[in-house]
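2 protein chains.
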Amino acid sequence: MRVTIVVLLLVHYALSLNNGLVRTPPMGWLAWERYRCNTNCAQFPDDCIGEKLFMRMADRLVSDGWRDVGYEYVNIDDCWPSRERDANGRLVGNSTRFPSGIKALADYVHSKGLKLGIYSDCGKLTCGGYIASGGNEKIDAETFAAWGVDMLKYDGCYSNETSRKVNYPLMGAELNKTGRPIVYSCSWPAYEGGLPPKVNYTELNAICNLWRNYGDIQDSWDDVVDIMNWWGDNQDVLIPAAGPGGWNDPDMLIGGDYTLSLDQTKTQFGMWAMLAAPLFMSNDLSKLEPDIKTVLQNRDVIAVNQDVLGVQGRRFIKQDSIQVFSKPLDKGEFAVAAFSTRTDGTPHAIKFSLNDLKISGAKFYSLFDLFESKHLGKYSTAEELDIYVDPNGISMFRASPISVENIFVEEVFETII
Amino acid sequence: MRVTIVVLLLVHYALSLNNGLVRTPPMGWLAWERYRCNTNCAQFPDDCIGEKLFMRMADRLVSDGWRDVGYEYVNIDDCWPSRERDANGRLVGNSTRFPSGIKALADYVHSKGLKLGIYSDCGKLTCGGYIASGGNEKIDAETFAAWGVDMLKYDGCYSNETSRKVNYPLMGAELNKTGRPIVYSCSWPAYEGGLPPKVNYTELNAICNLWRNYGDIQDSWDDVVDIMNWWGDNQDVLIPAAGPGGWNDPDMLIGGDYTLSLDQTKTQFGMWAMLAAPLFMSNDLSKLEPDIKTVLQNRDVIAVNQDVLGVQGRRFIKQDSIQVFSKPLDKGEFAVAAFSTRTDGTPHAIKFSLNDLKISGAKFYSLFDLFESKHLGKYSTAEELDIYVDPNGISMFRASPISVENIFVEEVFETII
Chain A
1 MRVTIVVLLL VHYALSLNNG LVRTPPMGWL AWERYRCNTN CAQFPDDCIG EKLFMRMADR
61 LVSDGWRDVG YEYVNIDDCW PSRERDANGR LVGNSTRFPS GIKALADYVH SKGLKLGIYS
121 DCGKLTCGGY IASGGNEKID AETFAAWGVD MLKYDGCYSN ETSRKVNYPL MGAELNKTGR
181 PIVYSCSWPA YEGGLPPKVN YTELNAICNL WRNYGDIQDS WDDVVDIMNW WGDNQDVLIP
241 AAGPGGWNDP DMLIGGDYTL SLDQTKTQFG MWAMLAAPLF MSNDLSKLEP DIKTVLQNRD
301 VIAVNQDVLG VQGRRFIKQD SIQVFSKPLD KGEFAVAAFS TRTDGTPHAI KFSLNDLKIS
361 GAKFYSLFDL FESKHLGKYS TAEELDIYVD PNGISMFRAS PISVENIFVE EVFETII
Chain B
1 MRVTIVVLLL VHYALSLNNG LVRTPPMGWL AWERYRCNTN CAQFPDDCIG EKLFMRMADR
61 LVSDGWRDVG YEYVNIDDCW PSRERDANGR LVGNSTRFPS GIKALADYVH SKGLKLGIYS
121 DCGKLTCGGY IASGGNEKID AETFAAWGVD MLKYDGCYSN ETSRKVNYPL MGAELNKTGR
181 PIVYSCSWPA YEGGLPPKVN YTELNAICNL WRNYGDIQDS WDDVVDIMNW WGDNQDVLIP
241 AAGPGGWNDP DMLIGGDYTL SLDQTKTQFG MWAMLAAPLF MSNDLSKLEP DIKTVLQNRD
301 VIAVNQDVLG VQGRRFIKQD SIQVFSKPLD KGEFAVAAFS TRTDGTPHAI KFSLNDLKIS
361 GAKFYSLFDL FESKHLGKYS TAEELDIYVD PNGISMFRAS PISVENIFVE EVFETII
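As given, the protein sequences belong to chains A and B, one line each in that order.
Take 1 as the starting number for the first sequence in full-length UniProt numbering and just add one per residue.
Take 1 as the starting number for the second sequence in full-length UniProt numbering and just add one per residue.
Keep in mind the hints are simulated off the structure, nothing from the lab.
Incorrect hints may appear among the rest.
No copy labels: a pair is met if it fits in one copy or bridges any two.
[Said to hold, decoys possible] Here are the computed lysine-lysine pairs in the BS3-like style, where the Cα-Cα straight-line distance is at most 30 Å: (1) K374 to K52; (2) K177 to K363; (3) K374 to K287; (4) K378 to K124; (5) K112 to K358; (6) K378 to K103; (7) K293 to K374; (8) K318 to K124; (9) K351 to K287; (10) K52 to K351; (11) K198 to K318.
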């Protein structure tokens, strides 16, 4: 098992986009799910798509400690451009909503120690009907680089299978030619159904740094569950596709929005960490409940996501509406998560051993609960764990190998004291 | 319209169970949804079905201000009895979990200024397989009365259509004969599909104080939505069935449990108030987030629920995944609620006038937002309201008639100051 993983990593490494970026999954904030195409600044001065919104979120990322735990990108989505290119054929931001221009916004974001992402589309128009980059890849890539943009989300509206095959690689090449390191996020596979043979993940890895495999997330637990199920059901395709520099993207974190409970927020966050997913929140950082903020800033969970191996977790158990995943980590450690889609009132027990999750390499592991921040004790790989999972909740722990010598020392020590 | 309502109220009054109880919808706490049949006190000493749980909740109802806003019942559900009747053929509580007996628990609850509810079934066994009252209606009613029980939820497992027709009225009669005022909650219509011709709401009104029309609620927003849709779809049957002394029961409030967000909690609570529903929370009162508690203790929303007219709200608008209900209140006032099942990220606008909700009686109404606690201004009944509703959220207000003289005075006053 371990040998297989190492081989897959090597294969991935050799083929992935070699711009040196996002060796661990990118983290930040992205406007779309929460703010959509709200351009009504008269009625929603704080929430419309404009420079004030992105500056406000940049301020929050710093002042509320998000940057310190790893969230570094502030990403614009659709509806930012003017309706016309400028006299030189360049994209420009809507002059009412981005009066200082995108370059000034990038400077502001950089001054905060953060990075700026922007959005365009491989067709003639964006999904929201704004001017897009199809046919203008070179000038737009140069414009983004000149502005100091650090990431591009490249959508696929107003395109077809044939045009996408040309235009996604083309924009990737133009971004590379600018010489500026720009993370390239491709919506391409989501437009092809996300699976081979229509999606060639080997090719995608050579072109993009991350890619949206599946539909847009909505503010809905049902949608979170649907995404997690799809990831589990298609893991034999998805796991080998991902690794340092190239990531499967199940879309944004919606914790802190309107519809997820605290438990559901933990579940999405924990599972996105298990899946080595990009962690882009889309919420109003100024309106988060303290307990939601605590969840989304959990350093132990983030460490699982940011593990240097970059291996996507695998589902080993799906029974009684509970699913159990494990994710190999550096230095022989593993992360384990059991999440529930049950609705029957009380925590539900699930029993499994580390062996059931193909966790091996040591005979004993020390387990640490990542949301409860407590040691669960040490277990042999054959020993049965009896885990209770809340309805729609998650139980998540880190398993660290214990050498036989260490166990002996520990036991002697316990005997002495 | 007003005339129709008055007539319906009179009809209802004449036919409803005349034990003088629950002239407004009952409020309290009920164990089932959150605690189910958890009898594992070794592993869950605080959460298993036993006297400690109910005493803990009684304590909380008092110490945390719930009693002061109207929550007065502490209700036991399934799995409380011993597996055998006693030597005199009487029900007894499980001796391990209710070591002091139900009478002592009733005394404790009463000493707190609260009331105790209990649970049985019209079949031989409860849904959880415990001893039930079918065939022992007289002795069990007398036992409940002797214990000082104030309410009985009477379930319908291990029964059939024929036996229910006999046993539900029979237990009602036996309760009445005890001379103790005991609120009688019948699950009967839920077992018949909730609709005529199988359910005769006129008869039900003469027998029961409240009745479960539909399936058990689960810890799930989808289930809350399903219930609200069923209530709206069948309102022409349900509205005339309900009124002082006899209530349609859409089942427990699940705010504070595992799966509802704050907005979803507001929506369920606000809509249960609009539907003149019994308000029984099923949650762990010692683990509620402060903002959830604030919602469930909102006095303005509770006042809508407890309005003396006891008229169930009616749905007038269902479009774009937003539904708008209005509920006639005493003194010519109305409550209005618009809730959303949308998941598209941002608040969504809906436009309607008070006329669209058949609100009449005055030309102008003053509107007060019940969750935001703010005045929205005065509107003519023809004027268009432009309401924004959060995804899965609710906007709810009280409309108070303004006489033309008052408007004149107000306007003069506004001119002067």
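Consistency of the hints with the structure:
For the homomeric pair K374 and K52, the shortest alpha-carbon distance between copies (28 Å) is at most 30 Å, but the shortest distance inside one copy (41 Å) is not. For the homomeric pair K177 and K363, neither the shortest alpha-carbon distance inside one copy (50 Å) nor that between copies (69 Å) is at most 30 Å. In the homo-oligomer, the alpha carbons of K374 and K287 lie at most 30 Å apart both inside one protomer (29 Å) and across protomers (20 Å), since each shortest distance falls under that limit. Within a single copy, K378 and K124 get their C-alpha atoms no closer than 58 Å, and across copies no closer than 48 Å, so neither meets the 30 Å cut-off.
In this homomeric assembly, K112 and K358 never come within 30 Å of each other (Cα to Cα): the closest approach is 43 Å inside a single copy and 55 Å across copies. Neither within a single protomer nor between protomers do K378 and K103 lie at most 30 Å apart by alpha-carbon distance, with minima of 53 Å and 46 Å respectively. When the C-alpha separation of K293 and K374 is checked against a cutoff of 30 Å, the pair qualifies both within a copy, at 20 Å, and between copies, at 28 Å. Within a single copy, K318 and K124 get their C-alpha atoms no closer than 43 Å, and across copies no closer than 37 Å, so neither meets the 30 Å cut-off.
Taking CA atoms no more than 30 Å apart as the test, K351 paired with K287 passes between copies only; the shortest distance there is 26 Å, against 38 Å inside one copy. With identical chains, the CA atoms of K52 and K351 are at most 30 Å apart between copies only, with a shortest distance of 29 Å across copies and 50 Å within one. Taking the shortest alpha-carbon separations for K198 and K318, only the intra-copy value of 28 Å comes in at or below 30 Å, while the best inter-copy value is 40 Å.
Hints 2, 4, 5, 6 and 8, counting from the list given before, are not met by this structure.
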